[in-house]
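Chemist: Using the sequences and the hints, build the whole thing.
In order, the protein sequence lines correspond to chains A and B. Mapping of the first sequence onto this note's numbering: position 165 corresponds to residue 165, and the numbering continues sequentially without gaps. Mapping of the second sequence onto this note's numbering: position 268 corresponds to residue 268, and the numbering continues sequentially without gaps.
Simulated from the structure, these hints should not be mistaken for laboratory data. Treat the hints with caution; some may be incorrect.
Claimed, not checked - Derived EDC-like pairs (lysine to aspartate or glutamate); straight-line CA-CA distance at most 20 Å:
#, chain 1, residue 1, chain 2, residue 2
1, A, Lys89, B, Glu301
2, A, Lys104, B, Glu276
3, B, Lys35, B, Asp147
4, A, Lys52, B, Glu285
5, A, Lys102, B, Glu180
6, A, Lys104, B, Glu301
7, A, Lys45, B, Glu297
8, A, Lys89, B, Glu276
9, A, Lys89, B, Glu247
10, B, Lys310, A, Glu128
11, B, Lys263, B, Glu180
12, A, Lys102, B, Glu297
13, A, Lys102, B, Glu247
14, B, Lys192, A, Glu128
15, A, Lys104, B, Asp306
16, A, Lys45, B, Glu285
17, A, Lys89, B, Glu299
18, A, Lys102, B, Asp306
19, B, Lys215, B, Glu247
20, B, Lys253, B, Glu301
21, A, Lys89, B, Glu297
22, A, Lys52, B, Glu297
Since the structure is predicted, the reported quantities are computational estimates derived from the model, not experimental observations.
Here is how the chains run, residue by residue.
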Amino acid sequence: MLELKNINFRADGKHILKDISLTLDAGKFIAITGPNGSGKSTLAKIIMGIDKPDSGQIILNGEDITGYTIDQRARMGISFGFQQPVRFKGITVHDLLNLSAKQKLSNKDACDILATVGLCANSYLDREVNASLSGGELKRIEIASVITRGTKLTIFDEPEAGIDLWSFNNLIRVFNEMRAKLSGSIIVISHQERILNIADEIVLLTDGSIEKIVPHGQPLESFIKMQDVRSCCKL
Amino acid sequence: MDKVILDKFDSALLKAVADLPGIPTGAFSLRKNGKSVQVNVTPNINIIPKKDKPGIDIYVRADTKGETVHIPVVITESGINDVVYNDFYIGRNADVIINAGCGIHNDGCNDTHHNGVHRFFLDEGAKILYVEKHYGEGEGSGKRVLDPVTEVHMGKNSSCEMRTTQIKGVDSTVRTTSAELGDGASLVITEKIMTHGEQLAETNFNVDLNGFDSKVQVTSRSIATENSTQKFVSNVNGNNQCFGHVECDAIIKDHGKVISIPKITANCVDANLIHEAAIGKIAGEQIVKLMTLGLSESEAEAEIIDGFLK
Chain A
1 MLELKNINFR ADGKHILKDI SLTLDAGKFI AITGPNGSGK STLAKIIMGI
51 DKPDSGQIIL NGEDITGYTI DQRARMGISF GFQQPVRFKG ITVHDLLNLS
101 AKQKLSNKDA CDILATVGLC ANSYLDREVN ASLSGGELKR IEIASVITRG
151 TKLTIFDEPE AGIDLWSFNN LIRVFNEMRA KLSGSIIVIS HQERILNIAD
201 EIVLLTDGSI EKIVPHGQPL ESFIKMQDVR SCCKL
Chain B
1 MDKVILDKFD SALLKAVADL PGIPTGAFSL RKNGKSVQVN VTPNINIIPK
51 KDKPGIDIYV RADTKGETVH IPVVITESGI NDVVYNDFYI GRNADVIINA
101 GCGIHNDGCN DTHHNGVHRF FLDEGAKILY VEKHYGEGEG SGKRVLDPVT
151 EVHMGKNSSC EMRTTQIKGV DSTVRTTSAE LGDGASLVIT EKIMTHGEQL
201 AETNFNVDLN GFDSKVQVTS RSIATENSTQ KFVSNVNGNN QCFGHVECDA
251 IIKDHGKVIS IPKITANCVD ANLIHEAAIG KIAGEQIVKL MTLGLSESEA
301 EAEIIDGFLK
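Modeler: As structure tokens, this is what we get:
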């Protein structure tokens, strides 16, 4: 479904991604993990088109999308959940979900979507997506805006950041439902042991290169250095 | 007065400024090209033309609930210079909506001016929602100029919400609003302005919080595009135990310029006054987020602007 071929990316004089090649099959769930600064978020942004590679190709369902804009890729079926949710003045939660769904959602439909991320919906629909919401609320709304699209490929950049335990449990359920309902592929950038444990494959990125690709079922300790495992937050 | 026949410009302007499909129902006063053309009253709302100058006195009977007064103004002749004085007397515990607005269609080469001088007198417990839209259109080189002056005098526990909008086509505006609030009175002003081309828009607010536990909330959201300039001046005086919050948010595009001048003065140790101002271009991350939902860059920008001015 998605193929990255020899992706290189440099910024501020640093070689951030070094010759990354990776294949994601339809319906697969991969987790990309690695130390801070290893290039995980950059790789996610390159797939979405937010950052442009200096060289290499991105192939989606056989089509070279390397030169495509963010919105072209979005319309081809890629979604992206931001690590830091974006705030808007004036755009309400309901507006954002309408934009995600490409239609005016009824209150009930919008509420149902919010309920999947654990928000008591009626009290949120008319609220603006701004700083009056807590970080955790914004994060859940961000995730809701992504799952509303129901695309074949969804990328989450550290979805666990800023959410509480209850939401985290929901998040695992959301991932499983997305896979079951959409036959969709999911890429998650994560440090979380429980997310890593449900992935079909774990891609270990170190210093801008893929160090290892590990299939589901192997103990984390067997391929992540001990200090890294300890730094994984166990929820 | 003869029955008024609306031409296509009148109808379009009425729709733009008051969302009216035609002549309104209920209490209204329709003014066209500098003259009052039709007035309607109800048992609770009386409208009396002024004798000494152009304009009307509007009397809302005490305890009137749920009625709307429409006072739209349309100008389709180029070169008109219209000044109108409207006084609103809102009776005790009345609760009404006042729907105002001015639309100018100027196809000529002469400037068209409309200055509405509005004074509001709210009795104890009275409540109004004042909605006003300003709009201009036309192919002529003549400017469309609107300089509204508004005074609000608020009695004990009265409440006033003013929503003013100027989105398109007004070349120059200087808006001057002043208010004095009695005990427990509450004033909420929400202003939305978008300017284009070489347009100028200036708004001045002067609010005296005289009453114990009086409150004011002023929110200005503006977008200055192309070579337009906006100036926002607010002056809130806390003269008693009171609360005042002034918020000015502006987006600038192209060569747009925005000046925000806040002034808050606490003349009482129990006055609680806040001013917040932010000016900047549309955040790139907002556009990127909406593009990840499939919107093009221009669609994303339009959604952000629509939301900001909603």
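Chemist: Evaluate each hint against the coordinates.
Modeler: Hint check results:
Restraint check: the Cα-Cα separation between A:Lys89 and B:Glu301 comes to about 13 Å, which is no more than 20 Å; the hinted pair holds. At roughly 33 Å between alpha-carbon atoms, A:Lys104 and B:Glu276 are farther apart than 20 Å, so this suggested pair is violated. Pair hint B:Lys35 plus B:Asp147 holds up; C-alpha atoms about 18 Å apart against a cutoff of 20 Å. With a CA separation close to 16 Å, the supplied pair A:Lys52 and B:Glu285 stays within the 20 Å bound.
Note on A:Lys102 and B:Glu180: the hinted pairing is violated, with a Cα-Cα distance of about 46 Å set against a maximum of 20 Å. Only pairs whose Cα atoms come within 20 Å are accepted, and A:Lys104 paired with B:Glu301 is accepted, the gap being roughly 19 Å. Distance restraint check for A:Lys45 and B:Glu297: the Cα-Cα separation of roughly 17 Å lies within the 20 Å cut-off, and the hinted pair is therefore satisfied. As the CA atoms of A:Lys89 and B:Glu276 are separated by approximately 14 Å, the hinted pair is consistent with the 20 Å bound.
Taking the CA atoms of A:Lys89 and B:Glu247, the gap is near 13 Å; set against the 20 Å cutoff, the hint holds. For the proposed pair B:Lys310 and A:Glu128, the alpha carbon gap of about 11 Å is at most 20 Å, so the pair holds. At most 20 Å may separate the alpha-carbon atoms for a hinted pair to count; B:Lys263 and B:Glu180 meet this at roughly 16 Å. Our distance criterion of 20 Å between C-alpha atoms is met by A:Lys102 and B:Glu297, whose separation comes to about 16 Å.
For the suggested pair A:Lys102 and B:Glu247, the alpha carbons sit about 32 Å apart, so the restraint of at most 20 Å is broken. In summary, the hint linking B:Lys192 to A:Glu128 is supported, as the alpha carbons are separated by about 17 Å, within the 20 Å threshold. For the given pair, A:Lys104 sits about 16 Å from B:Asp306 by alpha-carbon distance, which is consistent with the 20 Å threshold. Pair hint A:Lys45 plus B:Glu285 holds up; C-alpha atoms about 12 Å apart against a cutoff of 20 Å.
In summary, the hint linking A:Lys89 to B:Glu299 is supported, as the alpha carbons are separated by about 17 Å, within the 20 Å threshold. About 16 Å separates the Cα atoms of A:Lys102 and B:Asp306, which keeps this hinted pair within 20 Å; it holds. The straight-line distance between the Cα atoms of B:Lys215 and B:Glu247 is roughly 14 Å, inside the 20 Å bound, and the hint therefore holds. The suggested pairing of B:Lys253 with B:Glu301 holds, with an alpha-carbon distance near 11 Å, which does not exceed 20 Å.
Taking the CA atoms of A:Lys89 and B:Glu297, the gap is near 18 Å; set against the 20 Å cutoff, the hint holds. At most 20 Å may separate the alpha-carbon atoms for a hinted pair to count; A:Lys52 and B:Glu297 meet this at roughly 17 Å.
Checked against the numbered hints above, the structure violates hints 2, 5 and 13; every other hint is satisfied.
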